[in-house]
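Sequences are here, hints too, so could you generate the full structure?
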Amino acid sequence: MKGKVICLVIVLTLGLSLIILPGFAMDKKDIVIGVIGPMTLSDAASGISMRDGVELGIDEINKSGKLAGINLKMVVVDDEGNPTKSISGNRRLVYNEKAIAVIGSVASSCTLANMQVTQEAGIPQITPVSSSPAVTQKGNKWIFRVAITDATRAKNIVEMALEKLGKKRLAILYISSDYGIDGTKMVVDISTQMGYPPVAVESFNEGDRDFSSQLLKIKEKNPDALILWSLYEPAALITKQVAQMGLDVQILGPGGLTNPIYVELAGEAANGVIVFLSYHPSSKEPHILSFTEKFKEKYGRIPDHYNAQAYDAVMIIGAALEKVGVDDPSKIRDAIASAKNFKGISGIISFDDIGESTREEMPIQIRNGKYELF
Amino acid sequence: MIFFEQIISGLVTGSIYSLLGLGFTMIYACTKRINFAHGELMALGGFVGLVFIEIFPSCLFLSFVLGPLTIGLIAIIIERLFLRRLQEAQPLKIVIATIGLSVVLSVAMQIIWGPYPKSYPNFISEKPFSFIGVKIIPQNLFIFLISISLMIVLQCFFLYTKKGRALRALSQDRYAARLMGIKVGQNISLIYCISGILAGIAGMFMAPIYFVSSSIGTFLGLKAFIAAVIGGLGSVPGTIAGGFFLGIVENLSSGFISSKYKSGISMLFLVLVLLFSPKGLLSIFHKVNLLKWRKSKK
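Chains S and Z supply the protein sequences, listed in that same order. Going by our numbering, the first sequence opens with residue 23, and the numbers climb by one from there. Going by our numbering, the second sequence opens with residue 2, and the numbers climb by one from there.
Treat the hints with care, since some could be wrong.
What the hints assert, rightly or not - Derived DSS-like pairs (lysine-lysine); straight-line CA-CA distance at most 30 Å:
#1 Z:K261 with S:K190
#2 Z:K128 with S:K189
#3 Z:K261 with S:K392
#4 S:K392 with S:K365
#5 S:K177 with Z:K261
#6 S:K207 with Z:K261
#7 Z:K261 with S:K189
#8 S:K239 with Z:K280
#9 Z:K128 with S:K392
#10 Z:K136 with S:K239
#11 Z:K119 with S:K316
I should point out that these hints are in silico values taken from the structure, not numbers from a laboratory.
In structure tokens:
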């Protein structure tokens with residue numbers, strides 16, 4: 023009898039707690055911010071950087087209590103850098119998870135594909151990483167970009183090589199995907215306009231790991247600078263092989279070369295490489311300094327520019343939600359579009375009428391395995 | 002000179018294809034099955050090798066013994082627990098099962114070692130030296146020489162030792178071999194062990210050149226399988242020749258035609274070989290069957 027009573031008490035307590043506890047949690051409404059990008063396979067480092075930046079931003083918005091009665095929740099979908107998976111992933115975020123805004127993806131080919139889903143559903147999307155100019159030129163009013171475009175990058179890199187460094191014989195080695203092909207075309211155009219058309223233009227396929235034949239061909243043309251338009255893993259292999267071969271060139275590049283994993287993989291060979299970044303941890307501006315500290319505390323590493331850009335993207339969404347609430351996606355879109363002089367970690371952000379936030383980047387050189395201001 | 006440099010870098014890639022292709026060939030010769038998880042064993046070899054290098058940083062040689070042996074052991078475990086139960090199943094089912102296994106291994110590596118590729122310490126200097134005007138990287142020369150000597154040792158093992166003869170008998174006719182007193186199960190374990198060890202060595206050799214990542218197994222495994230088919234799946238000398246052939250063709254075609262068509266051109270050779278000499282490239286010059294040099298007298 024006694025046993026039965028105890029059992030009954032336990033069951034009742036458990037039952038009651040099941041009813042009451044969610045009640046406490048229900049205080050705040052969960053609102054989903056979707057994150058889509060490669061979390062596995064060869065471009066995972068970029069996707070994970072983006073995710074961590076968003077996560078930090080969301081934590082901060084939730085802690086600040088600026089959004090009354092709302093708890094922002096991050097839902098991450100892995101698109102493996104594959105456009106088809108990116109479309110279905112974005113569908114999942116928009117229709118199943120009921121995301122109110124989407125951040126992503128990394129590869130421009132993925133963003134170009136999956137932004138049709140958010141356009142169709144009328145949900146704002148911000149990409150903090152994709153850099154192909156085409157992303158904002160499709161007449162899609164739901165897509166915004168806080169990344170720096172390849173057009174800006176190509177101009178910066180070529181001007182750096184030809185004007186500041188006084189190089190004359192450029193060689194280009196690029197990945198033959200739309201990312202590499204478009205970027206290379208811009209580099210070739212700009213350098214030709216400036217009077218020094220590249221002496222060698224070589225490509226490689228995704229997944230290639232041996233670049234000796236391309237590098238031997240480039241070496242024959244005797245270049246003084248090499249522009250790498252590539253993701254981080256092949257870029258690191260190429261940088262190592264350039265050093266092994268004793269090819270004496272100044273390496274410059276966008277994208278992959280700006281990822282800290284690139285420096286880790288290429289080791290000593292990466293020293294001297296010049297890149298452009300929108301964020302640098304050495305900045306002493308108070309809001310940037312506080313971001314760097316908070317990030318280091320949470321993740322135990324120094325943030326990179328993808329972290330900064332993703333953080334900016336979620337902060338812009340947060341500011342829009344604060345202004346117009348969470349009920350009407352088209353109002354949220356308009357609030358995002360109207361962001362003017364937003365003091366972001368990756369620069370002062372204002373969107374133009376196609377959703378682009380053009381701003382300058384800082385030249386950075388890798389010295390002793392660290393990204394330092396040039 | 003650029004021609005010779007292209008050939009030399011092709012030989013280095015080729016020696017990795019050959020080492021890896023030998024695993025496919027030996028398992029095929031003895032069991033008539035293809036182990037598509039072989040490439041993942043190589044990637045695992047790279048990661049496990051790195052673990053040993055971190056434990057014994059001062060003695061690279063020790064890591065080079067322990068790493069591949071661990072992979073040999075893992076290959077035996079996979080064979081005993083998993084593939085042996087499928088021994089009598091249809092070949093297609095085994096193909097699917099090993100493809101499944103390769104995905105499982107690759108995901109497991111991603112969980113254990115993370116999604117990022119990892120760099121490797123160099124065994125010896127990377128600084129190139131000049132040999133009659135041709136630049137050679139000592140590390141690549143080292144990889145090439147060790148691979149060649151391993152292949153010679155392996156070929157001698159098959160030709161001149163009792164165990165090697167038993168394995169060759171097994172490859173010709175499993176039931177006759179069993180009647181002659183050859184322990185089939187034990188010998189199949191041995192063949193998996195040797196192929197695992199070779200995969201482990203290939204994994205540690207390719208890592209300083211290509212980095213080690215969970216996705217590299219699929220990429221190099223497929224290339225090595227194609228090399229084995231081009232050279233003659235089931236024939237040790239054929240597979241070695243196929244590996245070097247594929248490495249050189251890839252390098253020359255990207256060096257002198259275009260890097261865009263590199264894979265296309267090597268696949269074209271695969272198709273041509275399958276059309277005109279289905280038993281592999283070497284059988285054009287030499288009628289080789291399976292693990293034998295000499296023609297069998299029947």
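Now for the hints, and whether the structure bears them out:
1. For the suggested pair K261 (chain Z) and K190 (chain S), the alpha carbons sit about 26 Å apart, so the restraint of at most 30 Å is met.
2. About 26 Å separates the Cα atoms of K128 (chain Z) and K189 (chain S), which keeps this hinted pair within 30 Å; it holds.
3. Distance hint between K261 (chain Z) and K392 (chain S) is unfulfilled; the C-alpha atoms sit about 33 Å from each other, more than 30 Å.
4. Between K392 (chain S) and K365 (chain S) the alpha-carbon distance is near 26 Å, which keeps this suggested pair within the 30 Å criterion.
5. Note on K177 (chain S) and K261 (chain Z): the hinted pairing holds, with a Cα-Cα distance of about 26 Å set against a maximum of 30 Å.
6. Of the pairs offered as hints, the one joining K207 (chain S) and K261 (chain Z) holds, with about 16 Å between alpha carbons and a cut-off of 30 Å not exceeded.
7. Note on K261 (chain Z) and K189 (chain S): the hinted pairing holds, with a Cα-Cα distance of about 28 Å set against a maximum of 30 Å.
8. Among the hinted pairs, K239 (chain S) with K280 (chain Z) is inconsistent with the structure: their alpha-carbon atoms are about 35 Å apart, more than 30 Å.
9. The straight-line distance between the Cα atoms of K128 (chain Z) and K392 (chain S) is roughly 23 Å, inside the 30 Å bound, and the hint therefore holds.
10. The hinted pair formed by K136 (chain Z) and K239 (chain S) meets the criterion: a straight-line CA distance of about 14 Å does not exceed 30 Å.
11. About 27 Å separates the Cα atoms of K119 (chain Z) and K316 (chain S), which keeps this hinted pair within 30 Å; it holds.
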